[in-house]
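I would like the entire structure built from these sequences, with the hints used as guidance.
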Amino acid sequence: MNERLGKVVLHVEGLSKVYGEGPTRLEALKPTTFNAMAGEVVAILGPSGSGKSTLLTIAGLINPPTAGSLTLNGKLAIKDGQPVANLSTLRRQELGYVFQRSNLIPFLNGEENVRLALEIDGVSHRESRERARTLLDSLGMGGRMKAMPSKLSGGEQQRVAIARAMIHQPSVVLADEPTAALDSSRGRQVMELFRDSAHEHGAAVLVVTHDHRTLDLVDRVLEMEDGVLAEKDVAARTA
Amino acid sequence: MMDLAIRDIRRDLGRFVLTAAGLGMLMSVVLAMTGIYNGMVVDATVLPDTYGGDLWVVQRDTQGPFAESSRVPSLLVDRIRAVPGVERTRGYMTLSVQQQLPDGETLRFTLAGLSWPDDLGNNLPLEQGRALRQPHYELVVDNALGLPLGTALLLGRDQYTVVGITSGMVSSSGDPLVFASVSDALRIQNDLANEALRLERESRVSRVKRSPYGRDPANLARAGTQGTLPATAPPPVTAVLVDVAPGHDVQKVKASLSQWSDISVYTIDEERELLVKGVIDRARRQIGLFRILLVVISAIVMGLIVYTMTVDKMLSLSLLKLLGAKRRVILRLILEESLLLGLFAYLVALLIGEVAFDMFPRRVLVHDMDRLALLAVVAGISVAAGLVGLRKALSANPNEVLAS
Numbered sequence: 001m002n003e004r005l006g007k008v009v010l011h012v013e014g015l016s017k018v019y020g021e022g023p024t025r026l027e028a029l030k031p032t033t034f035n036a037m038a039g040e041v042v043a044i045l046g047p048s049g050s051g052k053s054t055l056l057t058i059a060g061l062i063n064p065p066t067a068g069s070l071t072l073n074g075k076l077a078i079k080d081g082q083p084v085a086n087l088s089t090l091r092r093q094e095l096g097y098v099f100q101r102s103n104l105i106p107f108l109n110g111e112e113n114v115r116l117a118l119e120i121d122g123v124s125h126r127e128s129r130e131r132a133r134t135l136l137d138s139l140g141m142g143g144r145m146k147a148m149p150s151k152l153s154g155g156e157q158q159r160v161a162i163a164r165a166m167i168h169q170p171s172v173v174l175a176d177e178p179t180a181a182l183d184s185s186r187g188r189q190v191m192e193l194f195r196d197s198a199h200e201h202g203a204a205v206l207v208v209t210h211d212h213r214t215l216d217l218v219d220r221v222l223e224m225e226d227g228v229l230a231e232k233d234v235a236a237r238t239a
Numbered sequence: 001m002m003d004l005a006i007r008d009i010r011r012d013l014g015r016f017v018l019t020a021a022g023l024g025m026l027m028s029v030v031l032a033m034t035g036i037y038n039g040m041v042v043d044a045t046v047l048p049d050t051y052g053g054d055l056w057v058v059q060r061d062t063q064g065p066f067a068e069s070s071r072v073p074s075l076l077v078d079r080i081r082a083v084p085g086v087e088r089t090r091g092y093m094t095l096s097v098q099q100q101l102p103d104g105e106t107l108r109f110t111l112a113g114l115s116w117p118d119d120l121g122n123n124l125p126l127e128q129g130r131a132l133r134q135p136h137y138e139l140v141v142d143n144a145l146g147l148p149l150g151t152a153l154l155l156g157r158d159q160y161t162v163v164g165i166t167s168g169m170v171s172s173s174g175d176p177l178v179f180a181s182v183s184d185a186l187r188i189q190n191d192l193a194n195e196a197l198r199l200e201r202e203s204r205v206s207r208v209k210r211s212p213y214g215r216d217p218a219n220l221a222r223a224g225t226q227g228t229l230p231a232t233a234p235p236p237v238t239a240v241l242v243d244v245a246p247g248h249d250v251q252k253v254k255a256s257l258s259q260w261s262d263i264s265v266y267t268i269d270e271e272r273e274l275l276v277k278g279v280i281d282r283a284r285r286q287i288g289l290f291r292i293l294l295v296v297i298s299a300i301v302m303g304l305i306v307y308t309m310t311v312d313k314m315l316s317l318s319l320l321k322l323l324g325a326k327r328r329v330i331l332r333l334i335l336e337e338s339l340l341l342g343l344f345a346y347l348v349a350l351l352i353g354e355v356a357f358d359m360f361p362r363r364v365l366v367h368d369m370d371r372l373a374l375l376a377v378v379a380g381i382s383v384a385a386g387l388v389g390l391r392k393a394l395s396a397n398p399n400e401v402l403a404s
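Chains A and B, in that order, give the protein sequences. Take 1 as the starting number for the first sequence in our numbering and just add one per residue. Take 1 as the starting number for the second sequence in our numbering and just add one per residue.
To be clear, the hints were calculated from the coordinates, so they are not data collected in a lab. Among these hints, one or two may not hold up.
Straight-line C-alpha distance at most 25 Å; calculated SDA-like pairs for lysine to any residue [stated by the list, open to error]:
(1) A/Lys151 x B/Arg15
(2) B/Lys392 x A/Phe107
(3) A/Lys151 x B/Arg10
(4) A/Lys146 x B/Arg15
(5) B/Lys326 x A/Ile120
(6) A/Lys79 x B/Asn399
(7) A/Lys146 x B/Met1
(8) B/Lys326 x A/Gly74
(9) B/Lys326 x A/Thr89
(10) B/Lys326 x A/Leu87
(11) B/Lys326 x A/Glu127
(12) B/Lys326 x A/Leu76
(13) B/Lys326 x A/Arg126
(14) A/Lys79 x B/Lys326
(15) B/Lys326 x A/Ser88
(16) A/Lys232 x A/His212
(17) A/Lys146 x B/Met2
(18) A/Lys146 x B/Leu13
(19) B/Lys326 x A/Pro83
(20) A/Lys151 x B/Arg11
(21) A/Lys146 x B/Gly14
(22) A/Lys151 x B/Asp12
(23) A/Lys75 x B/Asn399
(24) B/Lys326 x A/Arg129
(25) B/Lys392 x A/Asn86
(26) A/Lys151 x B/Leu13
What the simulated footprint calls covered on chain B by chain A, stretch by stretch (three residues with Cβ under 8 Å from a Cβ of chain A suffice, anywhere in the stretch; the number is not a length) [what the hints assert, rightly or not]:
(27) 308 to 319
(28) 324 to 333
(29) 389 to 401
Among chain A residues calculated to face chain B with C-beta under 7 Å, some are [to be verified]:
(30) Ile62
(31) Asn103
(32) Ile120
Since we're looking at a predicted model, the values are computed, not measured. From the three backbone atoms N, C-alpha and C, an ideal C-beta is built for every residue, glycine too.
Now the structure itself:
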């Protein structure tokens, strides 16, 4: 049992994003407050242009917000819209990313793609190799970890991408439509992996998705519309 | 941290090797240009280095015999020998010869005279045969001519036999050198047809008859019959080489000879300088400019290649940034690839040099310093090209990963 489970690892308060000024002003994300706890999988639903990706890039410390604060695993990253910590270090240590396409580095094999996340943080070759092999084994990739990305199927690539996002035991994993390029059974397998990994590694997983078929595998559903985030009724989430 | 550059190269090794080979060929031309220049200097100084001599005496107010033409009477050899401090004098002459062989092949060479009996060619770099043993009808030839020992060659009216073969002996114009005695060289140079000799003799008699001296029949009778007048004057040589006796100051002998009004005197070092600065200076500058141009072209080509390689992996670089990679990780990836490309290209250039430069018709001489200098240039170009790629790489935006 991971000691982080149940703790708030992502705290967002009054986070907003405004693009442009005057007549071109667009409030892509209205002031938003929510928490995510270690071990839970949170799905974010919403139509295109509703602000899901904006929220994800701000939570992922890729784009700065216009206002609000963000705390990752107890570390204040953004206050009043301004970074107050080394965002690059926080990204390296506290965040994991999974994308619609696996976006594996094409010149590294599966194992090396996973090890990379550790080695850029200064972990030794030997330790990174052992941890990557263990994790890939647990994800059913033991026999395919030396294959180059071009030789892996879409599902296999996504497993490697999940392993890369989890290997350094981040507090938050952000996934942007990770099942969009997969058929329904492989999509479901990927969501199951997220759920299991979130519990095992004590990470909060935020999944932006359009795929309602896998919502029974998530713990909470948030719905985004016109830049406003709202909790969706649990009973209605699979409707 | 794993070596990302090696892994990136390994993914498309064929492309990397081909690119580096192309760059290497460009570098090999830079190396060849350097070698050709060095070869020109060595070729140009082969003759003065072979003949030696402390002083070179040439026609007054000329910079002969290499920088410009010079003619001095052959009797000057004996006049200078009488000067105090002079140990030995030798006549020096060269001429270009083009000979059509019986099989139709054209033989082109520079014929240089050896001053028999003082100089038999014993200091020539012989690889086969021997130096001259008799004053006439023997030749020592360079192996570039491809003539075996014992070959008989008809030059002028006489047949000459190849008795020795040298290596690496070429003139400043790149023609192989052939050595004969000075008297044979003069004979070959001044070979005239019988009719030309008869006409020249008649012309001389006619000139004598027109002069006040010739109008007196008694004088003509004293001079002998028309047939006994020599047809031509003794042929001149191009220079006289002077060896100063041990214990005597070369500069003093030079100063003494310089007082003569019909000659100019140079030391061997001055002669070499005249040769290098005068004869091959223009070629040297031309080759120098060509080398600069090639280096600039190589730098531009390499910069473009590294830039393209960087653009090809912008998504990977964006991902590295998103994962929180430090700048030095990206810097190492780009610079290492650039340096490896340059190093591989350099090795290809060296390999081409080893294999191909010996096949060039003229001497290509590459020194270790030239190789080191090229390595430094390649390193400089690689770093510059790497910086071009790095500038692009650092502009990678993590957002690109989300947009892909």
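* Which of the stated hints cannot be reconciled with the structure, identified by number in ascending sequence? -> The structure conflicts with no hint, since it agrees with every one listed earlier.
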